[in-house]
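2 protein chains.
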Amino acid sequence: MTDIERDVRGVAERAKDAAADLAPLNRAVKDGALLAAADALVERAEEIVKANAEDVARARENGTSEAMIDRLTLTTERIAAIADAVREVAELPDPVGEVIRGKTLPNGLELRQIRVPLGVIGIIYEGRPNVTVDAAALCLKSGNAALLRGSSSAYSSNTVIVDVLRGALEGTEVPADAVQLVPGAGRESAQALMRARGLVDVLIPRGGGSLIQTVVNESTVPVIETGEGNCHVYVDEAADLDKALAIAVNAKTQRCSVCNTAETLLVHAGIAERFLPPLLTSLRDLGVTVHGDDRVRPFDDAVVPATEADWTTEYLSLDLAVKVVDSLDDAVAHIREYSTAHTEAIVTDSQSAARRFVSRVDSAAVMVNASTRFTDGGEFGFGAEIGISTQKLHARGPMGLPEMTSTKYVVTGDGHVR
Amino acid sequence: MTDIERDVRGVAERAKDAAADLAPLNRAVKDGALLAAADALVERAEEIVKANAEDVARARENGTSEAMIDRLTLTTERIAAIADAVREVAELPDPVGEVIRGKTLPNGLELRQIRVPLGVIGIIYEGRPNVTVDAAALCLKSGNAALLRGSSSAYSSNTVIVDVLRGALEGTEVPADAVQLVPGAGRESAQALMRARGLVDVLIPRGGGSLIQTVVNESTVPVIETGEGNCHVYVDEAADLDKALAIAVNAKTQRCSVCNTAETLLVHAGIAERFLPPLLTSLRDLGVTVHGDDRVRPFDDAVVPATEADWTTEYLSLDLAVKVVDSLDDAVAHIREYSTAHTEAIVTDSQSAARRFVSRVDSAAVMVNASTRFTDGGEFGFGAEIGISTQKLHARGPMGLPEMTSTKYVVTGDGHVR
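Chains as they are written, first to last, in this note's numbering: chain A, 2 to 419; chain B, 2 to 419.
Don't take each hint at face value.
Covered stretches of chain B, going by a simulated chain A footprint (3 or more residues, C-beta under 8 Å) [unchecked claim]:
{"#": "1", "region": "19-32"}
{"#": "2", "region": "116-122"}
{"#": "3", "region": "232-244"}
{"#": "4", "region": "352-362"}
{"#": "5", "region": "365-372"}
{"#": "6", "region": "380-386"}
{"#": "7", "region": "402-416"}
Calculated cross-link-like contacts (lysine to any residue; reagent style SDA-like; alpha-carbon spacing at most 25 Å) [claimed, not checked]:
{"#": "8", "chain 1": "A", "residue 1": "Lys104", "chain 2": "B", "residue 2": "Arg102"}
{"#": "9", "chain 1": "B", "residue 1": "Lys17", "chain 2": "B", "residue 2": "Glu174"}
{"#": "10", "chain 1": "B", "residue 1": "Lys244", "chain 2": "B", "residue 2": "Arg361"}
{"#": "11", "chain 1": "A", "residue 1": "Lys244", "chain 2": "B", "residue 2": "Val418"}
{"#": "12", "chain 1": "B", "residue 1": "Lys17", "chain 2": "B", "residue 2": "Asn218"}
{"#": "13", "chain 1": "B", "residue 1": "Lys244", "chain 2": "B", "residue 2": "Ile272"}
{"#": "14", "chain 1": "A", "residue 1": "Lys244", "chain 2": "B", "residue 2": "Glu111"}
{"#": "15", "chain 1": "B", "residue 1": "Lys104", "chain 2": "A", "residue 2": "Pro94"}
{"#": "16", "chain 1": "A", "residue 1": "Lys17", "chain 2": "A", "residue 2": "Ile115"}
{"#": "17", "chain 1": "B", "residue 1": "Lys17", "chain 2": "A", "residue 2": "Ala310"}
Treat the hints as calculated values from the structure; they're not laboratory data.
Where is the CB? At the ideal position from N, CA and C, for every residue including glycine.
Please construct the entire structure, taking both the sequences and the accompanying hints into account.
In C-alpha cells:
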C-alpha cells in the first residue's frame, strides 16, 4: 500500500465512523450545522478568495481557457451565493426517517420501511469549487459523510473551503469528519477512493464523460453514473410545427453547455419539407452548426455532412446533428442505438404517437411537447440535486435528497417466533 | 474473444432486444404467458424429471452429499409445486406502470415518475433447479428479460426447463428470448456474463458467500448483493427472559440452513446469570453447539471456546456463537464490526433501548422482540422474492417485484420551453 492509498483509506475510515454518529442526528441538528457552515463561508470569504487566486494563477500559467477560468473563479459575491444555496438546503425536508411503507402483518408484527442515510458518499468532480460546498451540504442534510475528491486545478480553494466547513461543524453535534477532502490531487488518490469498497458506500462522479467512464470501469465501490447526455428531440409527423420549432431551438440554444441540452434532432420525413427550412434558418441565425444527413443537406448549404460520430457525440456546444427519419419507430430505433438514456423529447399532437414514444424510449426522462432542458432537479421541484443519474439502478434522473438515502426495515413484535 | 464469450454476448444481445419488446406489454399478456409456462411445466414434467435424473446420477458419482442431492432432485410432485409458484406470481400485482410520484409543476408541466422494467437481469445461482423457474417467472412478471446462469450440477435439468419455458412463450406475445440459459457451465461463461456491461442491466447472485464475493469483485455489470447473513440476536438487560429464550431458540433452530437464521447471540451481563443457564440447556437439548466466550463457558461445560473466526462465521448449521456484553452500545459495536448487515434483533422491554438499537444498527432489517427468521419476502407480504439484498443501493432487504424495476420520468407539456 502506498502512502497515498494509506492516507485515503485513513480518511475513509474516519468518514465511516463519522457516518455512524451522523445517521441518528435529527433534522434540527443537521440544519443548525448547515446554517453555521453558511455563516462561516461568508465570514471567511476572503481566505477562500485568496486561496482561489492561487488556483486561478496556476490555471492561467497552464494556459487554461477563459471559460474554464471563469468556472474556477470565486469572488466574495459568488461565495455569498454559495452560502445562500447551503441555507436553501437547510430549508428542504429531511429525507431521513421517512416511513416509505408500513403495515401490520397478519401475525401482528408491525413492519415499517424507513429511509436511512447511505453512509459514506464519495464525490469525484472537476474544476468548479462550488461543487465542494454543494455536495457537502447535500450529503450532510441526508445524513451522509462526504468524501470530496475535487480537481487538482481547484485544490487550494477546496482545501480552504473544507477547512471552513469543518471549522463550522466543530461547534455542533455533527462530527467534523463528516466532511473531508480526499488527500492528494493525482490519479492515485482517485484510484484509492475507487477501491475503498466496504468503507465508501457509493461514488458519484460529476463531470465529463471520460471522468464518468473511468470511475465506472475502475471502481469496485458501487457507482451512480451521472450527467452524460446525448439527448434527442423527435419532431413527429403530427407535430404542431410552431411548438416544434420553439422546442428544438430552446433545447439546443438556451444553454448548450449542460447535459440536458439536445444534441440530435430527428425529423419525420412527412413534415421535413415544411419544418426544416424555417428551423435551419433559425438555428443559423443563432450561430448553430448543423450536422445533417443526406436528406437534411439539400435544405441549406450551410449544413455540414453528418458522420457516424455525430450521432454519438455529446457536443455541449452550438452544434446539432439532424436526421430525417421515415417513422416514429425509426426515431425510437435511432434513440435506442445512440442515446445515453438521459432525456429524449417528442413533439406531436397525436396521443397514440406520444404514448408509443413514451413506452418505447427507455431513458431517465421522456418529454412530450416540452424541451429537454426541463430535466433538472430544480425544475422538477426537488430543490437541489447531486446530479442526474443515467443508470437504472437505485436512482434515475435528477437525484434529490431522497435518492441519497437507503432504507431499513424495522419490525416490531412482542416475542414473535416462526 | 473466445467462443464462450461470443456465445454469452450473443444471448445477452438477444435478451436486450427481447427486453425492449417485453417492457411495454401489459399485465394480461405477461400473466397469460406465466400461466402457459406453468401448464407446460406440468405437461412436460416427465422430460424434466428424466433430464434431472442425469444430473442426480452425475452428482452421486461425484460423491455429493445427500442433502445437496435432495436439493437438486426434481419429482413430478415438486414440478407441480414449482408450477403453482409460477401461478402465484401471475396473481401478484404488476409493478410496471405504477406512478410513484406525480404533480403539476408551477409552469403547467405534468410530471410523473413511473415504474419501468430494469431491462436484462442476470441471475447467477447454485444447485437448485427450481430457482431457474422462480427467477424466470419473477423477471417476466416485472417485464425483464432473464439470463439464467445456473450451476453445472443442474445443467441438464436447467436446459430442459428453459426449453419448456421458451416453448410456452412461443404461443404468446412475450418473446421467447426473454428467458435464456447462459451457455456453458464453466467459470468462463459466468465471467463473460459479469463483463457484459451495457447489455446486462444488473446481476443478482443467489447462493453462498463465496459465489457472491466472486461476482461482486469481478463484475463490471452492476450487482445486487444478496443473502449473506451473519445475523445477531441481542438480549438486553431489560428483556422479558421467556420471550428472549423463545426468540433465541427460534432464530437459531427453526431452520438453521437459511440466511436469516441467527449466528451470534449477545447477552447483556446484567441478565447473563439468569438467562444463560436455561438457554444453554435448551440449545443443548436441540443439538446446538454453542461457541462461547470466557464469560459464557463457566455456565456449561459443553460450550466450545469461541475464537475470532466464530464472530465472522455464517454457520448455516446448528452452531451458535454466544458472547456476554456489558452494554447495549457494546452489542451495537460488536454488530457493526462483524455483521453482514442482513438482520439483527433486540429483545427488550425498554423503549429507549429499542429506540437506540434501531437507530444505531445499520442493517437491512432490525427486529424488536421478534425472531430474525421473519426477514423474508413471504413473511413481509411481498408474495415472492428474488433474494434478500444486503447492500444499500437500489434495494435493501427482501426484494419483491417492485425492487426488480427502475423508474422513468414522463413530463408532458404543450410546447413548453425554458
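Check your understanding: Is the straight-line distance between the alpha-carbon of Lys104 of chain B and that of Pro94 of chain A 25 Å or less?
Key -> The given pair, whose Cα atoms are some 17 Å apart, holds under the 25 Å limit.
Point to revise | Outcome, coverage of the region 19-32 of chain B by chain A - at least 3 residues whose beta-carbon is closer than 8 Å to one in that chain | key: holds (count 3)
Exercise for review: Three residues minimum, CB to CB under 8 Å: does the region 352-362 of chain B make the cut for coverage by chain A? Let me know.
Suggested key: Our answer is that it holds, as 4 residues pass the Cβ test (under 8 Å) against chain A, meeting three.
Practice item. Measure nothing beyond the straight line between the CA atoms of Lys17 of chain B and Ala310 of chain A; if it is 25 Å or shorter, mark the hint as holding. Key: Given pair Lys17 of chain B, Ala310 of chain A holds - Cα atoms ~23 Å apart, limit 25 Å.
Check your understanding: Are Lys17 of chain B and Glu174 of chain B close enough, with their CA atoms no more than 25 Å apart?
Key -> 16 Å, holds
Exercise for review: Please work out if Lys104 of chain A and Arg102 of chain B have their alpha carbons no farther apart than 25 Å.
Suggested key: 20 Å, holds
Point to revise | Residues of the region 402-416 of chain B with Cβ under 8 Å from chain A, three needed, outcome | key: With 10 residues close enough to chain A, the hint holds.
Practice item. Please count how many residues of the region 380-386 of chain B have a CB within 8 Å of a CB from chain A and say whether that reaches 3. Key: holds (count 3)
Practice item. Tell me if chain A covers the region 365-372 of chain B under the three-residue, 8 Å CB rule, please? Key: Satisfied; 8 residues make the cut.
Check your understanding: Can the region 116-122 of chain B be counted as covered by chain A under the rule of three residues or more with Cβ-Cβ separation shorter than 8 Å?
Key -> As far as the region 116-122 of chain B goes, the hint holds, because 3 residues have Cβ atoms under 8 Å from chain A.
Exercise for review: For the pair supplied as a hint, Lys244 of chain A and Glu111 of chain B, confirm whether the alpha-carbon distance does not exceed 25 Å.
Suggested key: 17 Å, holds
Check your understanding: Within a Cα-Cα threshold of 25 Å, do Lys17 of chain B and Asn218 of chain B meet the stated pairing?
Key -> Answer holds: Lys17 of chain B to Asn218 of chain B is near 24 Å, not above 25 Å.
In this structure, none of the earlier numbered hints is contradicted; all agree with it.
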